[in-house]
Amino acid sequence: MDAMKIYKQYERGKDYLERFEYYTKAEEAYRYYNGDQWNGLKVAGEKPPALNILAPIVDYKVATVAQNGMSINYSTMNFDEMYTVAMQVCEKLNSHALKTWERLKLDQLVWRYIQEAAVTGDSFVYFYEKNGLVQLCGVDSTNVFFADEQEQNLQEQKYIIIAQRMFVSDIKEEAKANGIDEADIGMIMPDSEQQWQIGDKAKEEIEQDDEDGKCLCLLKMWKSGGYVHFCRSTKNVIYQKDTVIDGLTLYPAAHFRWRDEKGSARGIGEVYHRIPNQIEINKTLARNLASIKQTAYPHVVYNKEKITQDAVKRLSTVGSTIAVGDKTTDNVANIIGYMEPAQINPVAISIVQELMVATRELAGAGEALTGNINPEQASGAAIIAVRDASALPLNNQTAAFKQFVEDIARIWYDMWVAYNPNGLEIVTQAKDDVTGASSQPSSQLIPAPLLQELKIEVRIDVSPSNPFSKFAKEQALQNLLQMQLINFEDYVDALDDDSAAPKAKLKQITQKQKLRSDAQMQAKQMINNQQKMQLNAQVQSQEADQMGKASEMIQQLMGERAMYMGDEKTDESKGAKKKAKETTEV
36 MDAMKIYKQY ERGKDYLERF EYYTKAEEAY RYYNGDQWNG LKVAGEKPPA
86 LNILAPIVDY KVATVAQNGM SINYSTMNFD EMYTVAMQVC EKLNSHALKT
136 WERLKLDQLV WRYIQEAAVT GDSFVYFYEK NGLVQLCGVD STNVFFADEQ
186 EQNLQEQKYI IIAQRMFVSD IKEEAKANGI DEADIGMIMP DSEQQWQIGD
236 KAKEEIEQDD EDGKCLCLLK MWKSGGYVHF CRSTKNVIYQ KDTVIDGLTL
286 YPAAHFRWRD EKGSARGIGE VYHRIPNQIE INKTLARNLA SIKQTAYPHV
336 VYNKEKITQD AVKRLSTVGS TIAVGDKTTD NVANIIGYME PAQINPVAIS
386 IVQELMVATR ELAGAGEALT GNINPEQASG AAIIAVRDAS ALPLNNQTAA
436 FKQFVEDIAR IWYDMWVAYN PNGLEIVTQA KDDVTGASSQ PSSQLIPAPL
486 LQELKIEVRI DVSPSNPFSK FAKEQALQNL LQMQLINFED YVDALDDDSA
536 APKAKLKQIT QKQKLRSDAQ MQAKQMINNQ QKMQLNAQVQ SQEADQMGKA
586 SEMIQQLMGE RAMYMGDEKT DESKGAKKKA KETTEV
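Numbering follows my numbering, with no gaps: position 443 of the sequence shown is 478.
In short, the hints are calculated from the structure, not lab data.
This one's a predicted model, so the numbers in the text were calculated from it and none came from an experiment.
The reader is advised that the hints may include incorrect statements.
[Unchecked claim] Taking lysine to aspartate or glutamate and the EDC-like style, the derived pairs with C-alpha atoms no more than 16 Å apart in a straight line are:
{"hint": "1", "residue 1": "Lys238", "residue 2": "Glu63"}
{"hint": "2", "residue 1": "Lys238", "residue 2": "Glu228"}
{"hint": "3", "residue 1": "Lys328", "residue 2": "Glu375"}
{"hint": "4", "residue 1": "Lys538", "residue 2": "Glu509"}
{"hint": "5", "residue 1": "Lys236", "residue 2": "Asp175"}
{"hint": "6", "residue 1": "Lys490", "residue 2": "Asp449"}
{"hint": "7", "residue 1": "Lys49", "residue 2": "Asp219"}
{"hint": "8", "residue 1": "Lys43", "residue 2": "Asp175"}
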């Protein structure tokens, strides 16, 4: 691989973009969006006015697309005997993808990428591996060059070149680490090829004198043998030779186009084609203001033979007095008066407002479409209906954004497999729903053979995270609670973590209520047990009393029987004695 060959490929790509004024259009789009709408105009005194209608259009559309929360869900296409294991691995990958998304702060960065695409038509993000973790780097669309500028599928490109401005010292250190000869390292020198960067400040780098400066470095990616190859170079030196990453089958770069252009790999933004309207609004406004300053205010006319100029100047002071002499001889109107201002054509005034309204309406960002309704006077469903109707023209951008996130998810999985030949280590951490506290992290290793055999399918779930959607969800849950179709605990569990209602606080309340309920149940159980014990004691006491009484009765009966039996024995004894006496006498 020759450094000059890579540089010539970069030059051809740059010439192609310059032929279609890609750099100029991107530059103007950013200037007008940022409010610098009189660039290059040199005037003495006051600067001309500007009414920036492009920024509200872009900001509204960016917010409409970016407010859709995206969640990555991996699923398996292995429907054989490893299906159960594959699904368990996918659940772990979903957790790992969520942690990667949070670590890279993509919830905030996607707004930047969507804004870049809305302004210039394209945005790019490049991923790389460092210390075992996936990292990202945003790249300006003007610094990405394709082998085929008509192929919209980035993964089908024969090669991709990304241009960057880097410090020479950093490049030399990397070259030494890659084993480049000292003679070649000495050829890495600062240059001044920053004129192709977007933004006036990007074109003006800090002069380093004999110290460290910046130079153009080129990252070239291409596919050979089914895997991605990398090569890094300056204009004259390759400081990272041809490097292939076994297992990496996708370019680690994602491309988001705002609106497709027929026959082009690039997109179309919201700003450039509306710049003529913005210019006319600014010019018309400037002409109206100049005319108003010259003709809309009355001019003082005075008789210089009757009154001095200094006296006339005192008219601008509130409460001042001017002596004009004998009023009986001279009328004040003959001494000083005002010229009536000229009438301004109302069309000249209204044309500015009409241009602004028409431009916003045609851009799909007028007041009627943005849903200007009072949330206190409408239900959540009505607000969402208006919002969804206004967002219909942006469904194409929302779908493109969804595909952008899906491409990112596929790239991540491809990099996890390629850069972890010994297996992917995933850190899991449970979270308490009530307290919000996290448990001790634990790591799990997914074997490399299992990752390689896994057939991944990616699904992106879209969930609008705007306040009106949350309001509608909470309103629906409140209605179910009022209809007694769910209880309070079910209502709290169904709330989103970022809901307007404080879910964590409500969780604590339900937990306290449960503890109080358990305590009351225990107290009631204790009271019931005590009552049972008292009842048992009373029953036992009564039984003891009854037993005592029964015993006394038995003893009494036995006593009475004994007495009875004793009387009978006495009578028998007497009878026996009498009979014996009679026998003796006989």
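Verification of the supplied hints:
1. Of the supplied pair hints, the one linking Lys238 and Glu63 holds, its CA atoms being roughly 15 Å apart against a limit of 16 Å.
2. At roughly 9 Å between alpha-carbon atoms, Lys238 and Glu228 fall within 16 Å of each other, so this suggested pair holds.
3. Pair hint Lys328 plus Glu375 holds up; C-alpha atoms about 14 Å apart against a cutoff of 16 Å.
4. The hinted pair formed by Lys538 and Glu509 meets the criterion: a straight-line CA distance of about 11 Å does not exceed 16 Å.
5. A distance of roughly 15 Å separates the Cα atoms of Lys236 and Asp175; the hinted pair therefore holds under the 16 Å criterion.
6. Distance hint between Lys490 and Asp449 is fulfilled; the C-alpha atoms sit about 11 Å from each other, no more than 16 Å.
7. With a C-alpha separation of about 26 Å, the suggested pair Lys49 and Asp219 falls outside the 16 Å cut-off, and the hint is violated.
8. Pair hint Lys43 plus Asp175 does not hold up; C-alpha atoms about 20 Å apart against a cutoff of 16 Å.
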